[in-house]
Every structure is written in C-alpha cells, then in structure tokens.
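Asker: The chain contents come next:
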Amino acid sequence: MTAFISILVGIMLIIGAIFAAGAALGINRLPDVYTRMHAASKAGTLGSGLMVLALGIYSQQWDDFMRAVATVCFFLLTAPVSAHLIARAAYVVGYRPCKETSIDELHMKKKNDDA
Amino acid sequence: MTNMVFLMNLLLAAAWGAITGSFTPLNLIFGYLLASIALFLIREQVAFREYTQRAGKLLILAGSFFLELVLSSWRVLMIVIKPKIKLHPGIIAVPLTVTEDFEITLLANMVTLTPGTLSVDVSEDRKILYVHCLNVPSPGETINGIKDGFERQILEAFR
Chain A
1 MTAFISILVG
11 IMLIIGAIFA
21 AGAALGINRL
31 PDVYTRMHAA
41 SKAGTLGSGL
51 MVLALGIYSQ
61 QWDDFMRAVA
71 TVCFFLLTAP
81 VSAHLIARAA
91 YVVGYRPCKE
101 TSIDELHMKK
111 KNDDA
Chain B
1 MTNMVFLMNL
11 LLAAAWGAIT
21 GSFTPLNLIF
31 GYLLASIALF
41 LIREQVAFRE
51 YTQRAGKLLI
61 LAGSFFLELV
71 LSSWRVLMIV
81 IKPKIKLHPG
91 IIAVPLTVTE
101 DFEITLLANM
111 VTLTPGTLSV
121 DVSEDRKILY
131 VHCLNVPSPG
141 ETINGIKDGF
151 ERQILEAFR
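So the protein lines, in turn, are chains A and B. The numbers in my numbering rise by one with no breaks, and the one at position 29 of the first sequence is 29. The numbers in my numbering rise by one with no breaks, and the one at position 144 of the second sequence is 144.
If we strip away everything but chain A, and leave its shape as in the complex, we get:
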C-alpha cells in the first residue's frame, strides 16, 4: 500500500513538474501577451494542481488531503481570472496582438465605437 502510494505520488509529481516546465517555456517562447497567457493559465494550473494533490496524498491525512483539494479549487478559480485580467489590461493599455494574428474582432468593435 505504501509502495503504491509512493509510486503514485512520484508519477504525479513528475507529470506536474513537466507541465509546470512547459508553462514556463511557453511564457518564454510564445510571441505575444495573449498567447503567453494560454501557457500560464492552462499548463501552469494543471502542473501546480497535480503537485499539490500529490502532496495531499503523500501525507495520508484527511485534513491535509482536503486542504490540498481546496487549494486546487482555488487554483482553478483564480488562474483563469488573473489570466483574463492581464490579457484585458494589456489590450486596454494598447498592446496589439502579434502580427500573425488573423482576425481581431475586439479591435474592429473598438474602431466602430470611436467612429
């Protein structure tokens, strides 16, 4: 039983670390603020969530496990909101999406409002 839990925790930690590393790499490599937020909000949430859950399982205590579950819930609630706020703030301040961007309906709407 303890061996099984150790292996499970190890696998979860490794997968979580891979996703967290992917998020960091994405923030570094993607072309603009908006695409970077994709990496930060998704892969980052899954990575850190998996690692916190692994910690909860490792402790084998109900209260620690429930705390880990609550932490994951807060990750899921806050990460998208902060990504959304950063993207919106960047747009309002005037950072344009990168030049590969094919359509920008928000920009069209803002133009129509000004006209």
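Hints should not be assumed to be uniformly reliable.
[To be verified] Over the 10 Å line for every Cβ pair with chain B, so calculated as not near, a few chain A residues:
#, residue
1, Met-12
2, Leu-46
3, Met-51
4, Gln-60
5, Ala-70
6, Val-81
7, Val-93
[Claimed, not checked] Beta-carbon label-pair distances, calculated as ranges:
#, chain 1, residue 1, chain 2, residue 2, range
8, A, Ile-14, B, Phe-40, 36 to 46 Å
9, A, Cys-73, B, Leu-26, 11 to 21 Å
10, B, Ala-15, A, Leu-77, 29 to 39 Å
11, B, Thr-97, A, Thr-78, 17 to 27 Å
12, A, Ala-3, B, Gly-145, 39 to 49 Å
13, A, Ile-7, B, Thr-52, 28 to 38 Å
14, B, Glu-44, A, Gln-61, 36 to 46 Å
15, B, Pro-137, A, Arg-96, 13 to 23 Å
16, A, Ile-11, B, Met-4, 35 to 45 Å
Hints in this document: simulated from the structure, not taken from any laboratory. This one's a predicted model, so the numbers in the text were calculated from it and none came from an experiment. We put the CB at the ideal spot given by N, CA and C, even for glycine.
Let chain A serve as the given structure and place chain B on it in line with the hints.
Answerer: For chain B alone, kept in the frame of chain A given last:
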C-alpha cells in the same frame, strides 16, 4: 425545489454525524449516501428525480471540464516544445446566451481553461464574450464548439 432536497440531504447527513457521534469526512460522506437513499424512498413526496438529474448534469459538467483542462495543457505543451512555433491566433466574438453574472463568469473561466481559447473581454451589454484563440482556421466552428459544449451544459445544470 431541488435546492430544498439538497438542503434536506445535507441536514440528514449532519444528523447522521450527530447520532453516530463522529464528524469525520468519511462518516459524513457515508451519512450523505444514507440520506440520499432515505430521500429515494420518499421520492413521491420530494422532487428526488429532478434532484438526481441535476446532480448528474453538474457531475458531467465537472468531469468534462477536467478532461478539457488536461487536453488543453497537453496541447499547449506540444505547441511549446516544437522547435518552430507556428500559430494563427485571433480574437473572435462569441454571442452569449447565458445572462446571469455568475454564469458568465463560470463560462469565461471554463473557456480560459479549455484548449486553445482564452477569454479576454466581455462587452458592456454582457451579450458578447471576446475570446482569444491560439489557432483560428474557422471562427464559426470555435464559436459553435463553445456554445454547444460548455454554454449548453451550464444552462442545463443551472436552469
């Protein structure tokens, strides 16, 4: 009505905890299951069927949400580790059917955590959600995906 049944279920679970004298999570979950069996026995008097249907829909919503989260993280990871990043990002407008504040928030959060999409802004009249996509070969398909997927599920679970 379904909220009342849920409340009864919770109260009965708390009563079970009080009677057995232990409020450990495991015992409370067991009490909750017992209470739902008791409610099932009197299903003629309470709206138990709608209650289970709604609970089922909420569970489906949560399940598909986690599946999409894993898929989207995987896709971002695959894009990021490629030596050359080729993207056609774009911002598209998704017309909203949901009207309540908390439903819009839930939808926006889910859109952000699903593959290739990130909500950027909501129009002032709360009728349009602006979504940034990593790849937009066809905006119509993405819009239909959101409307048919999460928005419909949210409407079914909360209306």
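Asker: Hints numbered earlier in the text: which of these fail when held up against the supplied structure?
Answerer: 2 and 6
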